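As given, the protein sequences belong to chains H and X, one line each in that order. Per the numbering used here, the very first residue in the first sequence carries number 1; after that it's consecutive. Per the numbering used here, the very first residue in the second sequence carries number 1; after that it's consecutive.
Calculated from the structure, these hints are not laboratory results. Some clues are possibly wrong.
[Stated by the list, open to error] So the derived label-pair ranges between C-beta atoms look like this: (1) A333(H) - G529(X): 54 to 60 Å; (2) L210(H) - R256(X): 52 to 58 Å; (3) I360(H) - E440(X): 57 to 63 Å; (4) L124(H) - T1029(X): 37 to 43 Å.
[What the hints assert, rightly or not] Residues from chain X that keep clear of chain H, each with C-beta distances beyond 12 Å, as calculated: (5) A29; (6) K61; (7) K354; (8) R457; (9) Y596; (10) Q642; (11) P682; (12) K689; (13) E754; (14) A860; (15) E1002; (16) T1088.
[What the hints assert, rightly or not] Simulated coverage check for chain X against chain H, where a stretch passes if three residues somewhere in it have a Cβ under 8 Å from a Cβ of chain H: (17) 260 to 274; (18) 370 to 383; (19) 504 to 514; (20) 966 to 976.
As the structure is a prediction and not an experimental result, all values here were calculated from the model. Even for Gly, the Cβ is constructed at its ideal location relative to N, Cα and C.
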Amino acid sequence: MFACIYGRIVSKATAAGSEKEGGFSPLVDLAFTFSPLVEQTAADTVVFDISGQDLLFGAPTKFVANKLNAPDDSIRNVASEIVRRATNLNLKINVAIAANPDVAIHVARCFEGTTIIDGGDELLCLGPLSIRNLDYSLARVEADRAAEIKETFVLWGVRTFGDLAQLPLAGVAERLGQDGVRLQRLAQGKIDRQLNLVRPPIGFEQSLELEDPISELEPLSFILSRLLNQLCANLHEYALATNELKLRLITEPLSASRVVASELEINRENELGPFHECIVTLPVPMCNAKTLLRLLLFEIEREPPQASIVAVSISAQPVKPRASQTGLFIPLAPEPEKLEITLARLAKLVGADNVGSPEILDTHRPDAFRMKRFCLNQKTRRNVKKDSRFALNAGGAPALPVMGFRMFRPAWRVDVETTRGKPTRISARGETASIRIRGQVICAAGPWRGSGDWWRSDVWARDEWDVALVDPDARESEILCRIYRDLTNEQWFVAGIYD
Amino acid sequence: MSGEQYIELHARSAFSFLRGAATPEELIAVCSKLKMTAMALLDNDGVYGAARFHLAGKKLKVKAHIGAEIAVSSFESADENQKAPQISGSKTRNSKLETRNSTFTLPLLVRNRTGYQNLCRLVTLMKLRVPKHAKPGECAVTLDELAAHVEGLVCLTGADDGPLANELNHRGHREAEEITERLIDIFGKENVYAELQRHFNRDEEARNHAVLEIARRLKLPLLATNGVCYATRAQRQVADVFTCIRNHVRLETAGRLLSINSERFVKSPKEMNELFADLPEAIANTVELSSRLDFTLKDLGYEFPKYPVPPGETMTSFLRARTYEGARLRYGRNPDLSGRAQKQIEHELNLIEKLKLEGYFLIVWDIVEFCKRNGILIQGRGSAANSAVCYSLGITAVDPVGMELLFERFLSEERGEWPDIDLDLPSGDQRERAIQYVYERYEKLGAAMTANVITYRGRSAAREVGKVLGFDDETLGRLSGLVHTWEWKDPKDTTERQFKDAGLDLRDRRIKKFFQLYTAVQDLPRHLGQHSGGMVICQGQLDSVVPLEPAAMPGRVVVQWDKEDCADLGIIKVDLLGLGMMAVLEETIQIIRDDYTEEVDLAHLPQDDPTVYAALQQADTIGMFQIESRAQMSCLPRLRPQKFYDIVVQVAIIRPGPIVGNMVNPFLERRLGRAPVKYAHPDLEPVLKRTLGVPLFQEQLLKMAMICADFTGGEAEELRRAMGFKRSEQRMKEIERKLRRGMTKKGIADRVQEEIIEQIASFALYGFPESHAASFALIAYASAYLKCHYLAAFTAATLNNQPMGFYQPFTIIKDAQRHGLKVLPVDVTRSNWECVVAQVDNLRHLRLGLLCVRGLREEAGRAVVRARSERPFSSFDDLHRRVPELRKDELRKLAAVGALNFIGQGIGERVKGVENENQRLAHIFNSAALDGISRQDAEAQRNAKIAVQSPTLHLTPYTPPPAAHRRDALWQVERVSREPGPLYETLEENGGSPLRQMSLNERLNADLRGTGITIGRHPMAHQRAWLNTMNVTRAGDLKTMRNGMWVKVAGWVIVRQRPGTAKGFVFLSLEDETGIANIIVTPQLFETNRLPLVNFPFLLIEGVLQHQDNVVSVKARRIEPLQIKVENVGSHDFH
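Generate the whole structure from the sequences, applying the supplied hints.
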């Protein structure tokens, strides 16, 4: 016999809890309390085998079902117990018990409460159901074909399971093929099949609750090491590696004096307790506990938790391990693990946003770039050539002599004297010992005018000049620099100097 | 020469399609403001904007130089087939064009007429050898081709995409010099200018240095230009938006595709002089070059083709002979008219001769003759119907002499414009035949369609601008939804309110920017389309007058100007317009010829047919040309047409002109004798007598001016045109003063002058010319006559030419049934592809054709008819085997609408029986539809009739034939359309289907879903018992009720209208099984009931009955949706 539970979750907390844990839906959990043979047919439907539970549920209980054709007491009791446990879990469900799992599924979906169908009564029960309730996936009918068959049923005037069940088998087979035959058997409640069982997922998560809170990094590193060793061992066992580690440190409640930043934060903490979380994303799959430990420690050092730690949890995203062989003639690149550690060290020193490879943005906005995560360049020379948008000299024209330009970031503010809009004398404010920008303009080219992003709030517009300066006090007799006037605020800046 | 002089010689307008952001008029206006005496427009690959540029320049006294930027491939050789232009649609394409890797844009300026002709030929050459939507780079000329067309052209070395920049960027300095030398070889040293542009850009300046060096070495003159892409700095944003649209990117992702700054606007001579202070000769040369460019579009050199006449004849003598030949036929039998006609014809011929228009009339006559020879119905309309020559030549069908029409409305010496003849042809293949005849007659390069410039407007503009700004689909939908499709716009409907209603805040930066850009792109050209019928002709040399390019439609060629531009530049055109009703008339006549064995000649239809006028007076005009609309129907019972001229008035009166000018009611009041006939001035009586003192036609307007102010015919026409266009406000004022002066001189009092001017002004724009109304009235009368006397044929033809007219086929069928026509269902054993007339027992019925089945391809439908003509289908398997073109879904569709019900019964002895049964079924069902009785009753009647008529049948109860119900067919179809495999291939299934028959409602839904029509009962008839309990009155019963009564009506909404002239009122037509009820909804009621009124197909409406002058309507007070489940119901909305 098979029982089917069709239901929805009444309480949000139950749903959140189950999702948070990343486990099964409450319906599946409920089914597992009765049988290990569980199929999750849909998000709101589970069906499971309840055969052989007489010993467990044999005792008669007070129970009223919708339509019972003198079923065994044990079956009644199972149904009653399912409803009771579901009520405790705040689940609103329909339960159907039948000799055939698909009959149980259709009945549970269409009848309120609890329904038990005796063997042989399937068609009696299913017959009046609207054909719209027929679950084509149970008969393994593809979605496109299902749509076509549905249209055929509409044209044929087949409105109920009974209508379909009564069509001549040969006629249906001739017209709709095996899909039609399976659907008809489904409507008749005659499909005999095995359950598609739910299996527990492989867990790559390790956690530990501490007896005493830890506030030092060193003891924490021992605990992390232990957990990571176990995690890596598990990954090894399945011949897997990870490309993302998630560390969650549950901390002690903060002192009352701490001002909680936002309502959202309060809500999260109420639900989950105070915690510190960090995610380490790896450029290549890894499974080395030592490397992972160092990366985690750098991460914690960079952003330490606010209170003592009472529990630690690490989860790893399992992926296929990296499989590569270096070629004989390919220059050796740094090992990804070492490179990652180096980058993590740098990030700790200069901040995560300031590490990586600069990427020039496709815009006229001067000096527009962003830092992207550093990774070994996989592009071949041919590919680079194709990307000609940034190529300075894409064609075969002979390369012009190129001057080096030293960009000041940020640009220096500068006082400029002008005559008819043309700079004549400048004096920079942000000088360093090595560079001194001030003096008479002896030659100026420009203005080179640019403006853009007019549809955004940070619209820009500037007039640039390339100027040659003579400063009698400077070490160099002549300085060639680029200055610009920001037209949005009429201020002058030095963008940099030509070497 | 002063230092402040400068001429911009390189400007693009929005006619460079997404490469420029200003109209030619805007460019000229800025030039004029900046005191620039000339400007050159160099649009991309064409002279699309040249006509407007020229006219704007003429107006503001700025010399409009013409030129173009031409795509040139640096490959020098070209195949022979490249040189011969081919019409798009042909597959030939040069493989070299596809492989060339270097294309640049060469700016060319026109020096003289030869240069202009060369430019047009070059553009035509490159455009016609590739399809319309060729990829960039495919459409280019080679240097060799360029060399063959250089005379009269000046070349600039170009800007970013010019030849020099191209070589400097991709190859080097030496190669750049080489290409310049090549250009000098081609154009001659005096015709090549080294172009310099300064947009404050480093790279550009570097290139300028290279250009200067090359120019000095090759001793080329320098030329400063600004490479203008927009008129003002602010239009840079529109240019950027266009760049995004062109490249299919958003502003955020466009990156460096966008311009780096806003410097490509029209700069003043002062600014340009400052910019090129170091190179004064570059500025001076602009003035020098401008003085060398003699050509403007004034010297277009267009000549209308000459008509080839027999030896010994001139065009004049030939036209005269043909005219008098025709006149004898037209007027010969009427001596009264004959004299007047001859005088008029002579007057017209003299004027035609004087204006050298004989060729034009002969060419149009030739087209008409071709159509007549080939049995294509053709009729001239528009102002041409004012000409007795056109009438005599058979071009038009309205007698202008008999109707005293004003010739000057068509042609006058003063106006200096070409006449305009519009020819109506049956839409579809017949019209295409006429068009192709013109192409063949005047060769491929001698005739072309005029273009239709598609501009950014409404939803398309909103969507494209929204996309560029990166709005998500939902917001895009809301933004484009803001563009109202209603003709009427509520004055309180401000933009802010519209945006607010759509949940969009105009204070939001992005929304505000959207609105600015949306407003800015309005009316800018988007792409070039093809005008529906305008053709321009020039004897084999049209490509030297205006460039030609392929249209999207295979075999069609279009010119780069629209019909207004062509008219403005004096290019004569003939409009070959497709008219659905002409196709209906032609087909009806053919059906009458074949099935009734009668010959109907439209030119000789019985005049004043009482049946026709009775139908018109009762507004029983569904399906009739021009007089079937809701507004026409509500006017007909008041106007009560009794003679042909009344139909002319009827056609003209329901127009925005008379409606806006408040002339409808005064006319009807006078017509009904409730108001006296009076004239603004006694002198106007002869002109306005026929329309009871109320001016209704444009000719009357002209005559009024001629009588009251002594205007000549040409001046009067000038007045009409001045009044007609908003842009001529200045001109309108001038001519109004002239009119007043004339009237004062004639002693007409100020008050009367005011009244006359008001009458003229109110409908000058929208009024019909009387001749045009008369031409339409002829078609209206013909359609009414055919409908009244040959209903089956007329209805069949109407259904075969859908979509057309005002009503859906459902309404047309129901109307025909109410008139007693029996309609037979679609049946693969009997139906043709088209609807036909089936004769049974001397009665003519309408047999629906397979084309009524939605989703059935014509190819498959015709294959069915072909296979059946060999022998009847014996079974479903037989049908499937013999018509392999039929797809499974098509078989299903046929089965669902009952078209397969009678398969297998057309064999042997059963044929006759089934035919009879079929007819009988149709008869009973049609009767049922009319009587409003139920299907069950009908079946009982049928059984009773069968029992009485057939002694052999009455002993046994009626049993349906083997496949007499649709589900049986559906069951069978599903089997035959599956591959049976070789073993069962020949096996045929016996026995009926296990499926239950379709219920009445299912059949109705299947009919509506599958064909959009039903020959059974109207959906409302099914609800009648229920509606009776609610005291709902049937539409047909409304005319028996008293004015002012409170009534309830219910029906299917077949038309929703909110005309611009109705001040926000909404008009609905509700159809039920007895007819149509007209509903009037006030603006207030519409606002409170917008949802049901717009969204629900069935409505229950309560209100006050208005029953005046036999016009019945219900003024709605309460509106309620009716929950009736019928599939696929539609209506014609918002006309």
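Which of the listed hints are broken here?
-> Those not satisfied are hints 15, 18.
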